[in-house]
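Colleague: Residue-level listing of the chains:
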Amino acid sequence: MPDAPLLAAQDLRLDVNVLDYVILALYFLVVLGIGFAARRAVRSSLDFFLSGRALPAWITGLAFMSANLGATEVLGMAANGAQYGAMTLHYYWIGAVPAMVFLGVVMMPFYYRSEVHSVPEFMRRRFNGATQLLNAGTFALAQILISGINLYALALIMEALLGWPLWLSIVVSAAIVLAYITLGGLSSAIYNEVMQFFVIVAGLVPVVIIGLTRVGGFSGLGQKVRESVLGEGGLHTWAHTAGSGNPLNANWIGLVLGLGFVLSFGYWTTNFAEVQRALSARNTHAARLTPIVAAYPKLVIPIVTVIPGLIALVLFGDLGKDGGPTYNEAIPLLMNEFLPNGVLGVAVTGLLASFMAGMAANISGFNTVFTQDIWRAHVNGDHPDEWYVRLGRIATLAGVAAGIGAAFIAAGFGNLMNYLQSLFAFFNAPLFATFIIGLFWRRMTPWAGFWGLLTGTVCAFGSYMLYKAGVLDFGTELNASFWGAGVAFVVDAIVSVVVTLVTAPKPDGELRGLVYGLSDASVADDALAGDRAWYRSPVALGAGAVVLAAAFYLPFL
Amino acid sequence: MAAPRQLFDIRRVIGGLFLVYGLILTATGLLDGSAALRKAEGIRINLWTGIGMLVIGGAFLLWERLRPSETPSDDSPVADEGDAAHPAP
Numbered sequence: 001m002p003d004a005p006l007l008a009a010q011d012l013r014l015d016v017n018v019l020d021y022v023i024l025a026l027y028f029l030v031v032l033g034i035g036f037a038a039r040r041a042v043r044s045s046l047d048f049f050l051s052g053r054a055l056p057a058w059i060t061g062l063a064f065m066s067a068n069l070g071a072t073e074v075l076g077m078a079a080n081g082a083q084y085g086a087m088t089l090h091y092y093w094i095g096a097v098p099a100m101v102f103l104g105v106v107m108m109p110f111y112y113r114s115e116v117h118s119v120p121e122f123m124r125r126r127f128n129g130a131t132q133l134l135n136a137g138t139f140a141l142a143q144i145l146i147s148g149i150n151l152y153a154l155a156l157i158m159e160a161l162l163g164w165p166l167w168l169s170i171v172v173s174a175a176i177v178l179a180y181i182t183l184g185g186l187s188s189a190i191y192n193e194v195m196q197f198f199v200i201v202a203g204l205v206p207v208v209i210i211g212l213t214r215v216g217g218f219s220g221l222g223q224k225v226r227e228s229v230l231g232e233g234g235l236h237t238w239a240h241t242a243g244s245g246n247p248l249n250a251n252w253i254g255l256v257l258g259l260g261f262v263l264s265f266g267y268w269t270t271n272f273a274e275v276q277r278a279l280s281a282r283n284t285h286a287a288r289l290t291p292i293v294a295a296y297p298k299l300v301i302p303i304v305t306v307i308p309g310l311i312a313l314v315l316f317g318d319l320g321k322d323g324g325p326t327y328n329e330a331i332p333l334l335m336n337e338f339l340p341n342g343v344l345g346v347a348v349t350g351l352l353a354s355f356m357a358g359m360a361a362n363i364s365g366f367n368t369v370f371t372q373d374i375w376r377a378h379v380n381g382d383h384p385d386e387w388y389v390r391l392g393r394i395a396t397l398a399g400v401a402a403g404i405g406a407a408f409i410a411a412g413f414g415n416l417m418n419y420l421q422s423l424f425a426f427f428n429a430p431l432f433a434t435f436i437i438g439l440f441w442r443r444m445t446p447w448a449g450f451w452g453l454l455t456g457t458v459c460a461f462g463s464y465m466l467y468k469a470g471v472l473d474f475g476t477e478l479n480a481s482f483w484g485a486g487v488a489f490v491v492d493a494i495v496s497v498v499v500t501l502v503t504a505p506k507p508d509g510e511l512r513g514l515v516y517g518l519s520d521a522s523v524a525d526d527a528l529a530g531d532r533a534w535y536r537s538p539v540a541l542g543a544g545a546v547v548l549a550a551a552f553y554l555p556f557l
Numbered sequence: 001m002a003a004p005r006q007l008f009d010i011r012r013v014i015g016g017l018f019l020v021y022g023l024i025l026t027a028t029g030l031l032d033g034s035a036a037l038r039k040a041e042g043i044r045i046n047l048w049t050g051i052g053m054l055v056i057g058g059a060f061l062l063w064e065r066l067r068p069s070e071t072p073s074d075d076s077p078v079a080d081e082g083d084a085a086h087p088a089p
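Protein chains in written order, with the UniProt record's numbering: chain A, 1 to 557; chain B, 1 to 89.
A few of these clues could be false.
Result set (EDC-like, lysine to aspartate or glutamate): computed pairs, CA atoms no more than 20 Å apart in a straight line [to be verified]: (1) A:Lys321 - A:Glu477; (2) B:Lys39 - A:Asp15; (3) A:Lys321 - A:Glu227; (4) B:Lys39 - A:Glu337.
Calculated directly from the structure, the hints in this document are not laboratory data.
The shape of chain A in the complex, shown without the other chains:
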């Protein structure tokens, strides 16, 4: 790299002053205010867990989007942008938007109208209690592990702000998140998520503007990426995917089927932390629009994640190298490099808020599933409503404590996104197989649901272990997650079919409203006036998002 200045930053310290802390303090005052107000308004367990099913689509849509814009997005996708270049765009345009649209158009009516409070409960109604318990258990574990990622990312920022050691930053961050969640449950969590979405975008946009100015605009950035370690491949998404001569070492079959189909549909359509946002909507129509409204901002999020990643790649010559900063630090490094006090405070606030909202989403998902799907459904269901609200608060405490442990696991990964994608392959890919087969194949039996899910999860985990042990060679960790997801899906599907052939199906009467083609006539039409306008049609808006996603690929083929 001829003119890339080597800006080494082993111990990254953000140069914040009192102005930045005022901005940060103002944000958390507002958050506390919402927490107190929401706490006064929370009455029943339905209120606490699902915000009383009263929110309009634009709030639930932004909350849906924001629940995903945690550490995953901001640090992880920038890290991937720096490590793999433009191929990271696949995570948005093929790896998110089609699945979000599918969730809204096809699957949401089943979730919303069955009045389940969670994905595991849906599994119980469609299959049986054992499937619910298995799904709830793996989901709870996944949420804890992912909350560890968010907590670790939060602690990284605290470390860069205050210079505290990592373990102290992790424990203090956990305490702050705990206060934040216990103050108001999901209701305030949703409001905070929407708020942090706007703040983080306001903080990241200046980074992109100054960064692009520094590297000479888009053309200058392209030029410098060509001269970087990624070379020409860093600017393309589909080029050379017939073989493996691309930065991701992935071929197009792995991308389309592994990422675009199994991983992405698995994540977006069965991840309860996401689906829960849509279940808070006020009617079926608003629930269906929730993921579709979210798909539009999702289309352009790479501007504030992948592009900063590329800028960091060309500016910091030692990024991701031995002795240099890790890829995870791409965004904090850029903030430190470019942002003067003031807007730096906004960016820091946005990052802190985003990780907190991300972790709050994980913990509230864990909390609901543990309380309702594990305890109430399988341990003891005879207590009054308030008892479960209290148990939920204890679960929150335990979840945060477990998240501290998980944060130390996350600290062992140089690229958090790789870790996260491996988790998705274990937990979401088999779930999606079971879900989609159960939805469209009425004959699929309860035990087929259980055994398919179990073997799928075990096989995804097995393929990852074989990759780690060097027995299977997938080239990159991300490519390994694509194939792990594929293996989980196929094994789950085969086992489901075989077990279905030898066990007894559920009678049609119990499947009403839960499978395709057997609608539940007893559910009233809850449409509001104006829901039928064409510009509010889930199908039309969804198709628009998919067409835009395809069009966005054109400059990066």
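Got chain A; can you put chain B on it based on the hints?
Modeller: Chain B only, in chain A's frame:
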């Protein structure tokens, strides 16, 4: 629960926060010295970000003023032309 929800309409919260942030950043941007300018490649980034946040904050407050959210009664969906008419861009 009508009162807190009305008081804490998310648009009012975001709008208010952005107006305050916008004022702080605009003032900072006007006073920024040469060090801050050099760091930001010569762009008055605090000023521009501040103006942008003022505009967005104002837009949220205006939206909330023009289409106040209905107070949902507990379980009967109210038919009105309310918020869902504005799927966010």
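Colleague: Are there hints from earlier that the structure breaks, and if so, what are their numbers?
Modeller: Violated: none.
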